[in-house]
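Could you use the hints to bring the two separately framed chains together as a complex?
Chains B and A, in that order, are what the protein sequence lines are.
If you count the first sequence from 1, position 175 lands on 175 in our numbering, and the numbers rise without skipping.
If you count the second sequence from 1, position 135 lands on 422 in our numbering, and the numbers rise without skipping.
Worth flagging that the hints you see were computed from the coordinates, not collected in a lab.
Possibly wrong hints are sitting among the right ones.
Pairs of lysine-lysine, DSSO-like flavour, derived with a Cα cap of 30 Å [as the list claims (entries may be wrong)]:
no., chain 1, residue 1, chain 2, residue 2
1, A, LYS667, A, LYS343
2, B, LYS139, A, LYS711
3, A, LYS602, A, LYS576
4, A, LYS343, A, LYS356
5, A, LYS356, A, LYS638
6, A, LYS611, B, LYS56
7, A, LYS343, A, LYS603
8, A, LYS321, A, LYS343
9, A, LYS667, A, LYS602
10, A, LYS576, B, LYS139
11, A, LYS576, B, LYS56
12, A, LYS495, A, LYS474
Computed Cβ-Cβ distance ranges for the label pairs, DEER-style [what the hints assert, rightly or not]:
no., chain 1, residue 1, chain 2, residue 2, range
13, B, LEU257, A, ALA656, 46 to 54 Å
14, B, LEU92, A, VAL609, 46 to 54 Å
15, B, ARG131, A, LEU596, 40 to 48 Å
16, A, LYS602, B, LEU257, 51 to 59 Å
17, A, GLN688, B, SER108, 29 to 37 Å
The C-beta atom is built at its ideal place from N, Cα and C for all residues, glycine as well.
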Amino acid sequence: MEHIEQVLVSGLFAGMVYGLISIGLSLIWGIMDMVNFAHSDFMMLAMYFTYLLFSKLGLDPLFSLPLVAAGMFCLGVLTYFLVIRHVIGGELVQQTLCTFGLVVLLQSVAQYLWTGNYQMINEPLVSGNIRIFAASLSKGQVVAGVASLFLAGAIWWVIQKTRIGWALMATAQNRYSAPLVGIKVDRMFALAWGIGLASVGAAGVFLANYYYIYPQVGATFQLLALVAVALGGFGSIPGAIVAGIAVGLIEALSGYLIEPAYKYLVVFSLYIVVVLVRPHGFFGTHS
Amino acid sequence: MVKRLCGFFALGLALAVCTFFIYGVCGFAYAAEKTVKVGAIFPLSGGVAQTGVLCKAAMEIAQEIVNGKVDDILVPGATTEGFANLGAKLELVFMDSQNVPEKAMSAAEQLITQENVVALLGCYTSATTATASQAAERLGIPFLNESSTSPILTNRGFQWFFRCTPDDDFFTRNFFEFLRDEEAKGKNYGRSIAVLYENTLWGADVAKAVQKYAAEFDYKIIADVPYTARAASLTSEVQQIKSANADIVMLASYVSDAILLQTTFRDLDYSPSIILAHDAGFNDPNFLKTVGSAGNYVLSREVYASTLLNKPSVKKLNELMVAKTGYPLDGNSARALMGVLVLSDALLRTKSTEPDDLRQALLETDIPAEQVIFPWLGVKFDPETHQITTGRGIVVQIQDQNYIPVWPYEIAGADVLYPIPQWKDR
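In isolation and in its complexed conformation, chain A is listed as follows (with noise of 0.2 Å):
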């Protein structure tokens, strides 16, 4: 009996061994494997999730890029394997914000005094951004934000936010920049301009960028529609704005409220003669797939285009996100990939992971043209409201249901299509 209970004892002692021993190995390896955390702050459930989710994809392609070594693709961070300087792998911590502000804000909390993470990245919408980049300047980490354009957002005299896309002001001055473009090639589009905008920061900025630049550019603005975002109908909106009767018709609208307002000009049977979308829904996957021709004719800004499938680097980038989500690569989703290569870039030439190191590789950047995705000059910071200096504009139309750039010239596959049928034609 005796002899047996020191046989199971001694089978314990084995077994207990044997675990100590896995557990310590286990625990050497995962040590070893020591990352560098990011948080990224997207809306994952809501209004507009799914841009988020196909954000979040492209960021873990860029994360895999990152980490591992791939030669066929330039851009930052693609030949190393990691961060050779901090002997560590990007490791990215998502959080859903919701398109809520104070969610936003607390994730951002969240991400940074309990997951430690270096810098944060996010988070789409300028309402989202502005709040969440608010935690991080008080707590005093890196925010880079990837697609959020309201200018009001390098213009807080934050330390800590970093910007890398073009604003509305820039896009805006674009739009306008291509119908004086336009006009020397023979086109006159008219100037009387409807501006109609939903009603958050983003919208309300794009509405004040409008302004501004009618009047440099010597246009008129004859209707000024805010709108509730994600309003149950947008009829008398549209009325207004068909009242107006303006030459040209300015949008600024998330997935949603796009959808239902090309879906409202056509049940008003509305054709205004020019349509100037400013990105965000209508240039979501979502918008095309859900009206379908009905969105056909509408002219929006951009940083992204088909023509740019040209550069092998985006080809192969193109052909990851497509195998990852059934997707292209987007305006959204391409920036968002950008947002972790620039982050990148600075992990890799910074000293160490304490947030004033990493600032100043941040204020350091200078990503050359070849190594974008997008047409810009590369990537440069402004030293002062860290807003990218180098970014430019395209502006496309939808053509067959296909976005084809149209503007600048150097990269545009087709004319404009002018004046938008009546919807009987179409």
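Same shape as in the complex, but just chain B (with noise of 0.2 Å):
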């Protein structure tokens, strides 16, 4: 029981994290119809961020914070008026072969700037492990799984309740009408790399308290944030939420239940199960 205990607490945080990580792929998906395969190698950027922020000007994790984010928010922005822009109204080809060449374009840069050198911030303020119930946790990651929860409420709360999260919305559900009702179209794609960016950005700030940096450390989260957000539905962000924990939950479980070599294939198998049987995901919209 105390294994079990261990395993679902260990998993309910991890899927946190998973979660706020796809909240901001969920949102460009949904609103521009494009999947950023670059998305986690953005976090990678963050990651390291927090790094030189730490190592270079000792500033914590949890103070870094809104520095990183409001770079990334930055970033996100330059990112698609640069090089999303162009390629938008193109074929699918070009946009996936675009954000892929973002991949490979921000993993180089790090590589050359930061070296293939592995780098973890030791003993940040939130660091030491914590009990609840049976199991053992490491604080940083409680840390993280709590404020992935709030994050995501903030930015459901912009998009529900601000005029520019209903212009947001607008723009999803019809990019050639929004401009009808002066909506500037451009803007709100822009606005959403911002948010996207910043949303995985703060998800690396929080990853970075207790998880290695390396150049390709984006690449071990992206594929179960492309899970995350088909489960729980394009451009919804309880969906992302929920479905990152479902797959932190199935992800430990089966490790432990069934077999650790398996534990993939059950989180995938269940992804192709929900697209055949509900291609919307589970709170997305047939539209």
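Next comes the structure, spelled out in structure tokens:
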């Protein structure tokens, strides 16, 4: 029983972070109908920024969060205007190759600037372990999980309750009709990239608290984030969080109860089943 | 006007003659600098890139030693400048495998067919060595592997494949001999084993060797847990090992997994009594640099240890490595360096660079122990399998963030610290 509790709690908190990573991906996918394959590599960049702020300026990840998130927002807007805007009206293959190009670019830049060395933030403010029932967990992971829920709530509130959020939703529903009511579609797309990268930047900050950093670290999370978005529904923020948690729990439970080597088989099998049975995901709409 | 044109023409002609002359001299000088090209395939990008980059640096040091004249380092090829018998110097041509088996194979093909290399070195990970050596076998070019330890590599009946490192079978046997010797000294570590390993060729072969020798040495495997390499989380895997509650935990992981495993042990508050790790990620310089003191108490098998620095040649090589990279030699980079030297030894004795001659020279390799930077009995290859027959393993323990040899006892720097304390007591 103690072991199952440990697996459940670890899976739950890992899932919350998967959820936060997925939110930005889901937002961009939902609004622009475009898959950003470089999403997790932007997270890698945020992890490096966090590490640099910690090692060079002594700024703990908890305090560097707003700085990194703001920086990533700007980077998102910049990426949209410099790169994405030029392929947005193009073929799917152009968009796909474009974001794959970003993957190569970001990983190469990181490798060039910071080498392939592994880095880790040693002894941040939030360090050590905490007991939750019979389970032991790093405090960094707990903070990351709880913060993921708060940030998801905040982004959901912006989307659902503010005029700018409504404009984003209107753009997602019909990008051709949106200008008729005065919405500047270009700006909305840039905003989606900004919010998307700011949220994955926040995930990177929290992850850097307890996870190692190296140029390919994003690849580890990219597939799981894609699965979470497809399960949760494109563009759905609650969907991304719930699906992220589901992925974390399924990964942990199947690894423990069935066989660790097959844990991703179970995750991806579930993904295929959901795509076949409910193509718009748990929380997505048919449109 | 005509005079002026003639002047320009004469100037142009003079420039052209000068250019041809300079090109000719340079071309001659270039031609005089004849080289023997040797291909080297390593992961220079991707998840294990840092190991590959350090191996490349170590091999470049070996290349400088072979091509220059060095009197204070006692290794093959140090006292001669290049290969006098071939009238050429050594030129290493590196290619990146990205640690992807298919890319390693195409790199091997490209090096052989386009770069005309006379031999290949590489590829660090067993999975990439397996495919790259297939290409060398097909195209009939000698392939000298320096540090891939999957036993299957030399059991394929290949004609052109040589390996100058002991394999996992040998190293795993070493672990059980170490446990037997410790027991003889009155230290009882228990007899149940949990083995956790990454599920590519190398990890799976380690697990097979553990099963084989556990039966031979009368140990019982109570948990056998393969995991997907480079997983985002290893919680369930560690939890399985934890619930098995084995006396001894054996691990086989590359560096990213090794870091994740050790931090997961800490997060789940799990301290097995003793951890025996199979080299690779646990001996990578990035491991300790990243996990810091959390890496203490792990025992690992090695081919190289800091106490070997008592040997002047090793000390000098280590200084060169530190000056070039900032990192000391480790088991992987030291073997990469030795690989170049072993191949150079064959190139110094070969009649020509024809593949058959070079293969014959490799088969006749007999490097004495004093010219080897490891505590081996020299370098000789088995005539059938081409596996080194003179290698020896070392067991090290991480104590105060240093790899201290604890076995064999004649080179041991300290006793084994046992049991591993609980995380709260560290």
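Report task. Kindly indicate which numbered hints from before are broken by the structure, ordering the numbers from low to high. Result -> none
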